[in-house]
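Residue numbers (our numbering), protein chains in the order written: chain W, 277 to 645; chain A, 277 to 645.
You may find that some hints are simply not true.
Since copy identity is lost for identical chains, a pair holds within one copy or between any two.
Calculated pairs, EDC-like style, for lysine to aspartate or glutamate (alpha carbon to alpha carbon, straight line, at most 16 Å) [to be verified]:
| hint | residue 1 | residue 2 |
| --- | --- | --- |
| 1 | 568 | 349 |
| 2 | 448 | 403 |
| 3 | 390 | 403 |
| 4 | 584 | 282 |
| 5 | 626 | 533 |
| 6 | 289 | 632 |
| 7 | 289 | 530 |
| 8 | 356 | 569 |
| 9 | 396 | 598 |
The hints are simulated quantities; they were obtained by calculation from the structure and are not laboratory data.
Number of protein chains: 2
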Amino acid sequence: MKIKYELIKNYKKARLGKLKTNYGTFDTPMFMPVGTLANVKTLTPEELYDMNSAVILSNTYHLWLRPGEDIVDKAGGLHKFMNYNGPILTDSGGFQVFSLAKKKDISEEGVIFKSHIDGKKLFLTPELSIQIQNKLDSDIAMSFDECIPYPASYEYAKASTERTIRWAKRGKEVHNNPNQSLFGIVQGGEYQDLREYSAKETVKLDFDGYSIGGTSVGEDKVTMYNMIDYAIKYLPTDKPRYLMGVGEPIDLLEGVERGIDMFDCVLPTRLARHGNAFTRNGRINLKNLKYKEDFTPIEDNCDCYTCKNYTKAYIRHLITCDEMLGGRLLSIHNIRFLIKEMEEIRESIKNDTFDEYKEEFIKQYKNSD
Amino acid sequence: MKIKYELIKNYKKARLGKLKTNYGTFDTPMFMPVGTLANVKTLTPEELYDMNSAVILSNTYHLWLRPGEDIVDKAGGLHKFMNYNGPILTDSGGFQVFSLAKKKDISEEGVIFKSHIDGKKLFLTPELSIQIQNKLDSDIAMSFDECIPYPASYEYAKASTERTIRWAKRGKEVHNNPNQSLFGIVQGGEYQDLREYSAKETVKLDFDGYSIGGTSVGEDKVTMYNMIDYAIKYLPTDKPRYLMGVGEPIDLLEGVERGIDMFDCVLPTRLARHGNAFTRNGRINLKNLKYKEDFTPIEDNCDCYTCKNYTKAYIRHLITCDEMLGGRLLSIHNIRFLIKEMEEIRESIKNDTFDEYKEEFIKQYKNSD
Chain W
277 MKIKYELIKN
287 YKKARLGKLK
297 TNYGTFDTPM
307 FMPVGTLANV
317 KTLTPEELYD
327 MNSAVILSNT
337 YHLWLRPGED
347 IVDKAGGLHK
357 FMNYNGPILT
367 DSGGFQVFSL
377 AKKKDISEEG
387 VIFKSHIDGK
397 KLFLTPELSI
407 QIQNKLDSDI
417 AMSFDECIPY
427 PASYEYAKAS
437 TERTIRWAKR
447 GKEVHNNPNQ
457 SLFGIVQGGE
467 YQDLREYSAK
477 ETVKLDFDGY
487 SIGGTSVGED
497 KVTMYNMIDY
507 AIKYLPTDKP
517 RYLMGVGEPI
527 DLLEGVERGI
537 DMFDCVLPTR
547 LARHGNAFTR
557 NGRINLKNLK
567 YKEDFTPIED
577 NCDCYTCKNY
587 TKAYIRHLIT
597 CDEMLGGRLL
607 SIHNIRFLIK
617 EMEEIRESIK
627 NDTFDEYKEE
637 FIKQYKNSD
Chain A
277 MKIKYELIKN
287 YKKARLGKLK
297 TNYGTFDTPM
307 FMPVGTLANV
317 KTLTPEELYD
327 MNSAVILSNT
337 YHLWLRPGED
347 IVDKAGGLHK
357 FMNYNGPILT
367 DSGGFQVFSL
377 AKKKDISEEG
387 VIFKSHIDGK
397 KLFLTPELSI
407 QIQNKLDSDI
417 AMSFDECIPY
427 PASYEYAKAS
437 TERTIRWAKR
447 GKEVHNNPNQ
457 SLFGIVQGGE
467 YQDLREYSAK
477 ETVKLDFDGY
487 SIGGTSVGED
497 KVTMYNMIDY
507 AIKYLPTDKP
517 RYLMGVGEPI
527 DLLEGVERGI
537 DMFDCVLPTR
547 LARHGNAFTR
557 NGRINLKNLK
567 YKEDFTPIED
577 NCDCYTCKNY
587 TKAYIRHLIT
597 CDEMLGGRLL
607 SIHNIRFLIK
617 EMEEIRESIK
627 NDTFDEYKEE
637 FIKQYKNSD
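Throw the hints in and build the complete structure from the sequences for me.
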């Protein structure tokens with residue numbers, strides 16, 4: 277079965293909805309933790325269920341290289357391979373090709389680049405990306421797109437955007453997995469008319485959902501918010517909208533406000549491994565000396581396993597000593613932080629209090645130390 | 277309250293017993309997982325409880341350096357600091373001083389050596405080791421001993437053994453924690469008469485339990501078995517006997533056969549981080565190419581979380597990609613393997629079938645690939 281999106285309610289442009297998948301029905305807007313190499317770093321599926329996670333994301337490029345899509349296929353697909361009984365979305369590999377590979381040769385056919393592991397020459401095409409994802413058997417596959425450099429000339433962005441639409445079409449033509457949905461990706465770099473063009477043309481191809489793709493570098497916030505605004509009005513209301521690679525607590529609010537339903541980001545787990553934690557008052561770095569004798573949890577009223585059981589002083593000790601449990605405990609807190617934020621956002625849309633919630637959140641979050 | 281040991285039954289020299297502690301009563305012989313820096317690497321206390329772990333070991337030397345015993349004391353002791361609600365044994369720091377420090381200056385007073393972290397000069401004495409352990413508030417503290425080099429001259433071993441007894445006495449005199457038991461350590465290197473002398477003199481000091489200490493290097497198996505035999509007959513039957521730093525599956529059998537009640541070793545977690553797993557047929561290395569498409573668990577009939585949920589191919593993938601979850605899953609399996617072995621050993625003592633169990637185990641284990 278393909279996924280089904282049901283719009284429950286709008287609050288201005290913000291959307292409360294339900295995403296029906298082969299692995300259960302989940303509320304949107306939602307945040308999706310990233311499990312790059314068929315695991316959310318340091319964590320088990322049970323820990324993710326406990327945090328109320330829904331869809332998780334895994335990376336086609338990384339799984340293509342290791343262990344290879346045939347191994348995952350022989351295991352019975354990604355769910356069985358990694359033992360995750362929730363929905364899985366796979367990206368197309370596009371972002372990794374354009375961000376990890378130092379040199380690449382882009383043609384109409386696809387992209388030639390070098391493996392970030394052993395420098396081996398690789399050739400990824402729109403068709404191959406979809407074929408790999410078909411074998412991975414994720415619930416949602418993404419079309420192969422070019423993440424346009426930022427800034428880029430209008431001419432470059434236009435040619436690339438047009439090519440990405442042709443790539444989306446080619447990918448859709450070879451897509452062959454009745455249990456897997458396929459999303460199109462709106463590109464266009466920072467240009468309003470290209471975003472509009474890309475949105476309209478991509479929608480014509482009739483995908484199961486639409487993503488708003490970023491650039492390969494990480495544009496500034498205003499540009500990112502603009503890129504959403506430029507495109508989202510052309511997307512159908514009965515399909516989910518996914519903003520790729522965004523996970524800053526305030527960006528989630530900005531995205532939801534503009535009509536986004538799904539987000540993913542490596543930020544909560546990456547920050548965790550570097551000793552950082554989200555709190556309602558802003559990010560904190562547990563390596564800071566001031567936490568050495570702080571025998572309180574990261575957040576007093578947080579319901580995560582970490583905050584219910586451990587103090588900042590203990591986590592600081594683990595992080596300082598490079599003990600992996602430290603990164604694991606912080607990953608649990610940080611992912612739960614974003615998932616809980618999304619739960620509260622949904623509640624506020626339901627209660628028509630989203631604007632107040634957002635204002636209050638930002639006010640408190642900026643009081644960071 | 278101090279610990280209490282109750283001998284339930286002997287099978288030849290092997291002992292079935294109970295260890296009563298402030299955190300519950302546990303069966304012996306037992307294997308104790310090692311939590312060097314106030315955590316069993318990668319694992320939570322709940323995961324240890326699930327494996328039926330009892331006592332865990334933590335390292336005085338490491339905690340002295342990071343976070344420092346005063347922090348642990350302010351946290352309310354090691355149990356509260358690391359959130360472990362089972363008994364904790366702390367070693368004396370002796371082994372680390374003699375194995376980690378490249379240069380050391382041993383005198384009657386104590387040992388001057390350099391920190392393995394920053395090279396800072398440190399001075400550890402028998403009194404200080406006990407005072408640190410008093411503050412850590414473990415359930416069982418160990419006397420400070422010299423781990424004699426191997427091989428060592430008889431003269432050196434004799435002088436060191438006599439000094440270790442004087443150190444044990446000095447430590448006992450300053451020990452001041454009514455909820456903490458104190459064990460003496462039998463030394464004597466590889467020499468039979470020194471082991472006998474050390475056992476008798478240490479017992480005279482009347483400790484709550486007795487450990488048989490090894491050398492600082494890792495002697496051969498025959499020497500290790502001899503060191504047990506030389507000493508154990510002089511130890512009282514109403515106190516627990518602990519063989520330090522031993523955790524090979526077959527060594528556990530050999531130790532139990534000789535009358536040992538407690539074992540500890542970093543082996544299961546260290547092997548795990550390097551991709552190795554214990555199996556009844558011997559150790560296997562999951563990095564081996566032959567496991568690439570092996571979609572069976574490490575052991576079909578193992579009751580651990582890892583074997584119930586994951587395949588060798590998946591764990592191999594995680595280990596190959598340096599994903600921490602791989603080491604975590606293997607740590608769970610390896611610790612559970614040893615704890616289960618101890619459960620079966622206890623059952624075989626109870627049923628008078630220890631000899632058969634041991635023979636069968638060794639026969640199967642040696643069929644390793």
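Handout entry: Violating hint indices (sorted, rising)
Key = 3, 4 and 9
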